[in-house]
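**Student:** Residue numbers (numbering that gives the first Met the number 0), protein chains in the order written: chain Y, 0 to 258; chain R, 0 to 94.
By construction, these hints were calculated from the structure, which means they are not laboratory data.
Worth double-checking, as some hints may not be accurate.
Unchecked claim - Calculated cross-link-like contacts (lysine-lysine; reagent style DSS-like; alpha-carbon spacing at most 25 Å):
| id | chain 1 | residue 1 | chain 2 | residue 2 |
| --- | --- | --- | --- | --- |
| 1 | R | Lys-5 | Y | Lys-66 |
| 2 | R | Lys-89 | R | Lys-5 |
| 3 | Y | Lys-233 | R | Lys-86 |
Said to hold, decoys possible - Chain R side only, calculated, beta carbon under 7 Å to chain Y, not exhaustive:
| id | residue |
| --- | --- |
| 4 | Met-0 |
| 5 | Leu-11 |
| 6 | Leu-15 |
| 7 | Pro-20 |
| 8 | Leu-21 |
| 9 | Arg-25 |
| 10 | Pro-45 |
| 11 | Pro-49 |
| 12 | Phe-51 |
| 13 | Pro-53 |
| 14 | Gly-74 |
| 15 | Ile-77 |
| 16 | Leu-82 |
| 17 | Gln-90 |
| 18 | Gln-93 |
The structure displayed is predicted, hence computed values, not measured ones.
Beta carbons: idealized from backbone N, C-alpha and C, even for Gly.
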Amino acid sequence: MFRRTSIIFIFFLLAMVMLNRPAYAMHIAEGFLPFNWAAAWFIVVLPFWFWGLRSIRQTVKSNPGLKMLLGLAGAYAFVLSALKIPSVTGSCSHPTGVGLGAILFGPAAMSILGGIVLLFQALLLAHGGLSTLGANTFSMAVVGPFVAYSLYRLVRRLNGSMPVAVFLAATLGDLMTYVTTSLQLALAFPAQPGGVLASMLKFIGIFAVTQLPLAVSEGILTVIVFNLLAAYNKNELQELSILDNKSLAMGDRKLEVCK
Amino acid sequence: MSNAQKNLFLLLIVMLLAAAPLFMHRSGEFAGADDQAEEAISQIRPDYEPWFKPVWEPPSGEVESFLFAAQAAIGSGIVCYYLGYSKGKKQQEQK
Numbered sequence: 000m001f002r003r004t005s006i007i008f009i010f011f012l013l014a015m016v017m018l019n020r021p022a023y024a025m026h027i028a029e030g031f032l033p034f035n036w037a038a039a040w041f042i043v044v045l046p047f048w049f050w051g052l053r054s055i056r057q058t059v060k061s062n063p064g065l066k067m068l069l070g071l072a073g074a075y076a077f078v079l080s081a082l083k084i085p086s087v088t089g090s091c092s093h094p095t096g097v098g099l100g101a102i103l104f105g106p107a108a109m110s111i112l113g114g115i116v117l118l119f120q121a122l123l124l125a126h127g128g129l130s131t132l133g134a135n136t137f138s139m140a141v142v143g144p145f146v147a148y149s150l151y152r153l154v155r156r157l158n159g160s161m162p163v164a165v166f167l168a169a170t171l172g173d174l175m176t177y178v179t180t181s182l183q184l185a186l187a188f189p190a191q192p193g194g195v196l197a198s199m200l201k202f203i204g205i206f207a208v209t210q211l212p213l214a215v216s217e218g219i220l221t222v223i224v225f226n227l228l229a230a231y232n233k234n235e236l237q238e239l240s241i242l243d244n245k246s247l248a249m250g251d252r253k254l255e256v257c258k
Numbered sequence: 000m001s002n003a004q005k006n007l008f009l010l011l012i013v014m015l016l017a018a019a020p021l022f023m024h025r026s027g028e029f030a031g032a033d034d035q036a037e038e039a040i041s042q043i044r045p046d047y048e049p050w051f052k053p054v055w056e057p058p059s060g061e062v063e064s065f066l067f068a069a070q071a072a073i074g075s076g077i078v079c080y081y082l083g084y085s086k087g088k089k090q091q092e093q094k
C-alpha cells in the first residue's frame, strides 16, 4: 500500500514540478558552437555510439527479459530531462537522468539512450541543437554516465552501501555533465584576456552552480527508483550482477570447490 | 522506517529542494541557465553569430510547455508502468 502511494507520488511530483514553470533550455544551444568544434565533438562521440549499440545488442541478446528494464532506463532520462527546476542561483536547469541507466546497463548503453533524448529535444523543442548534438551527447550521455558508473563501482568496492553508491553516482554524474558543458564552451570561447581558464570559471558559475541542488535532487530520485527496483526486481538486478555481487561470487567459489 | 516511508521522506526533500529557491529569490526571473550562457558568449566574443538555426521551433511558450509536459508524461508513464508491473508480478509469485 505504502509502495503504491510512493509510486503515485513520484508521478505527481514529476507532473507538478514540470507544469509549474515555463520551459527553458540548458544544453549548448543550436549554432552556439563554432563549426569546427561542433564537428570535432561529433567525431569524439562516434565511437561511443558504436560501442553503445553493440553493448545494448549484447544485453538484449543474452537477456531478452531485460528489454523492459532498458526501456525504464531510457524513460527515466526522458522524464528528468523534461523537468526544468528552479535553483538557488535564481535561474532554472534540469537534471539528466542518465545515472540510473549507467549503473544498470553500463555507461556505453547510455550514450545511445541519452543521445535519443537529446535528439528528440533538438528536433521538437529547439532545446539543445542538431549542430551541437555531438557536444551535448558527449557531456550528458558519455561523461555523465562514465562518471556515474565508475563512482558506483568504486563506492561498492569500498563496501559503501547501495543507496550511498547510487546517490553519489547519480549526483556527481549529473554535476560533471554541466562541468563538461562549461569546458566545451570555454574551449570554443576563451576569454580575452584570461584564456580558457577564465571562460571556464565563468561558464561553471552559470551552469554548475545552478546545477548543484538539482544534482542532489537527481541523486535522491535515483535512490528512490533504485529502492523500488531492489524491492520488486531482484531477479533482473541479479542478472545484471548488481545485487548480491558478493554472494554470487561466493556461489561460484563453492562450485569450484565441488569440482 | 519501512522502505516506503523512507522513499516518501526522500521525495519530501526533493520537493523542498525544488521549492526553496522560489522563496529565496522572490524577484528572481528563473530563466534558463543556457540563456545566460548565450549572454556570456556574446560578452566574450561580441561578433559571434550562431551559424545554424533550429530546424523547427515551437510557435509559442504554450506549445513548448505542452511538448515538455508530454515528454515528462510519456517518460513517467513508462517508468510507473514498469514499477507497477514488477510489483504485481512479485506479489503473484509470492502467492
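**Student:** Enumerate the violated hints, using their earlier numbering and listing them in ascending order.
**Tutor:** When the structure is compared with the hints, numbers 1, 4, 5, 6, 9, 10, 17 and 18 turn out to be violated.
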